[in-house]
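Asker: We have chain A; now place chain B onto it with these hints.
As given, the protein sequences belong to chains A and B, one line each in that order. Counted from 1, the first sequence has number 79 at position 80 by numbering that gives the first Met the number 0; the numbering is strictly sequential. Counted from 1, the second sequence has number 157 at position 158 by numbering that gives the first Met the number 0; the numbering is strictly sequential.
I should point out that these hints are in silico values taken from the structure, not numbers from a laboratory.
Stretches of chain B that chain A covers, calculated by requiring three or more beta carbons in the stretch to come under 8 Å of a beta carbon on chain A:
id, segment
1, 11-17
2, 69-78
3, 162-168
For each residue, glycine too, the CB sits at the ideal point set by N, CA and C.
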Amino acid sequence: MDAALKQRANELFQADEHELHKHTDQLFAKLMIIQWVAGVAAALWISPRTWIGDTSEIHIHVWAAVFLGGAICGLPVSLAWRQPGHPLTRHVVAASQMMISALLIHLTGGRIETHFHVFGSLAFLAFYRDWRVMLTATAVVAVDHLARGLFWPQSVFGVLTASPWRWLEHAGWVLFEDAFLVISIRRTLEDMFEVAMRRARLEGTNVEIERQVIERTAQLSAAQAQLVSASRQAGMAEIATNVLHNVGNVLNSVNVSAEAVAGKVRQFRLGRLQSAAGLLSENRAVPQYLTDHPQGRVLPDYLGKLAADLTETQDAILEELASLRSNIDHINEVVAMQQAYARRSGVVGTFPVADMVEDAIRINNAALHRHGVNLERDYDTVPPVLTDRHKVLQILVNLLSNAKHAMDHNTGDKLMSVSVKPAGPDHVEIIVKDNGGGIAPENITQIFSHGFTTKEEGHGFGLHSGALAARELGGALTAQSDGPGMGAVFTFKLPVNHPDIR
Amino acid sequence: MENTVSIRKSAIGTLAVSALWLVVVLAGMFFLLRYSQAAGLAARPPLQWPGTSLVPRPADRPVLVMFVHPQCPCSSASISELERLMAGCQGRLSAEVLFIQPAGKSEEWARSGLWQAVAAIPGVRARLDQDGAEARRFQALTSGQTLLYDAAGTLQFQGGITLSRGHEGDNPGRSAVAALVRHELSNPAQTPVFGCALEAAETPNGCVACKP
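So that you can see chain A by itself, here it is in the shape it has in the complex:
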């Protein structure tokens, strides 16, 4: 057997034994008090007063029960309270218990029935699981009977001429009970030691388990660090996807604007201007040419019309350039927004809802014009909302872009409406409606899922991230459609003052 294991088992066994002794001491302390009270009650019941003719006084048994009984119980109670578990305590308890037996036997007039107290006490003392305690109790009984047998045999044996060895008969019956109790104590102690051995083994197992847990925890920590790193990379990829998606939306508009500017530039009537310049250079006498020559007389009007034409083209180019600048600004916003997202913070403030909707329309404006979308606006008066402007813009640009795409294959009019309405006292709704291809009933629950798309070149990211962003803003993004070809309505519900937005 492992020496360390046995030593640990011994320690545990001794600790258990000590606890058992303490607990039994406390039990006996209570029992002592109960026996004391019972002794006084017995004395008051059996022999309350002693008489001399017609006068009486308190019987000496009452005083004995109070004072002698109190003295017998006093020390064990005190030791059990002050030194529970100490060996002396349980030996004093054992001696006291036997003395109480003697006192109770005396107070009850030597009744045979009271003698059972001795045997009951021995069984109770066996709670200590200490054969030495039984020895003390037995010794007290034996010495008591020996002394009485020698000096007052009638007080214990009932006869004046008892055999000098009769005390051994009485002590023998006590030993008879002791024998069984000691065997029981031995077996119980063996069981206790077996339990201690099991606990010691269990402790050893626990130590090994703890060591393995620490080792596995370290491995898990390393794995977690790797996972965090991988997640960060994955997160960066997600951010990149998001950026590309949103920037891609805007780049469509940028392309359209750039194409429009290029078209306008190509439309410049530079040939006519060169012709006019040639006529002027060929005719050096410009004033005469302008007044006398038939071509010279119409040249100023021609130049005026040409200037007007160029001015109109310039205005169109400037308008497209403004749109282009706005788009580029939005690209900046998208990039900044994704950076903010990456840092878990956004641009928060109180913004008019209509302004944010108009910004989104402006970003998509060129594309909407190019595709001939007829846009209607219906803005109710709603309070400004405390929100993250960039996220709102991201959602709206995506909704407008989706609506435009949905109407790509329309043969008739392309009708889109954007409306702003209050929704209860604390929310506003931005509703984007189109008369495009609509959504099949089986798809209506999936359109917000990541990776789901019905567009040929879609990524299934826009509505998914839009729904997530709406939720982060304390709002919701919902879709409704009567089916394919019936158009769709997307409702972006937004709280006026979301407490978590700050």
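Answerer: Chain B in isolation, oriented as in the chain A frame:
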């Protein structure tokens, strides 16, 4: 080091207190034992049945007369021993138990629990001894005093039928009476009697043994 000395002092102190406690408790037990062994005053009964006694005496069998203080707690043991004695004698013995009723005490006081116990014993008659007249006649001084007169009215036994105060159990008094009734013993016998004093006037001052 100081801690070890302190523990040793504490252990010695506890042992000293325990030893003192043992002495006190043993002294108490000794005193109690001594008290229980202290006999009351013995009677000086007439050797022949007094003719003036109102207690009837059967002519065909011995009669036992016991004097009892109605409130004496020690006499409960005497009555229990009487019950055993009567059971052992199987109708060969008559018994009269006289309960003292001092002047000024009611009959109810005299008919105590002991009276009920006596009345329940077959062959035993309980009687009131008003003002202790019969006790004086038989010169009984202590509760539990037992006298045995044979069929001829001669005193055969005087004393108590318990071994000590209020303690039941085999005792020489009961054994002697039983032997006399069964004619197993021919000589008169005497034993100490344990119980309360029947009358205060009869208790001499300074006599420890007379104290109840």
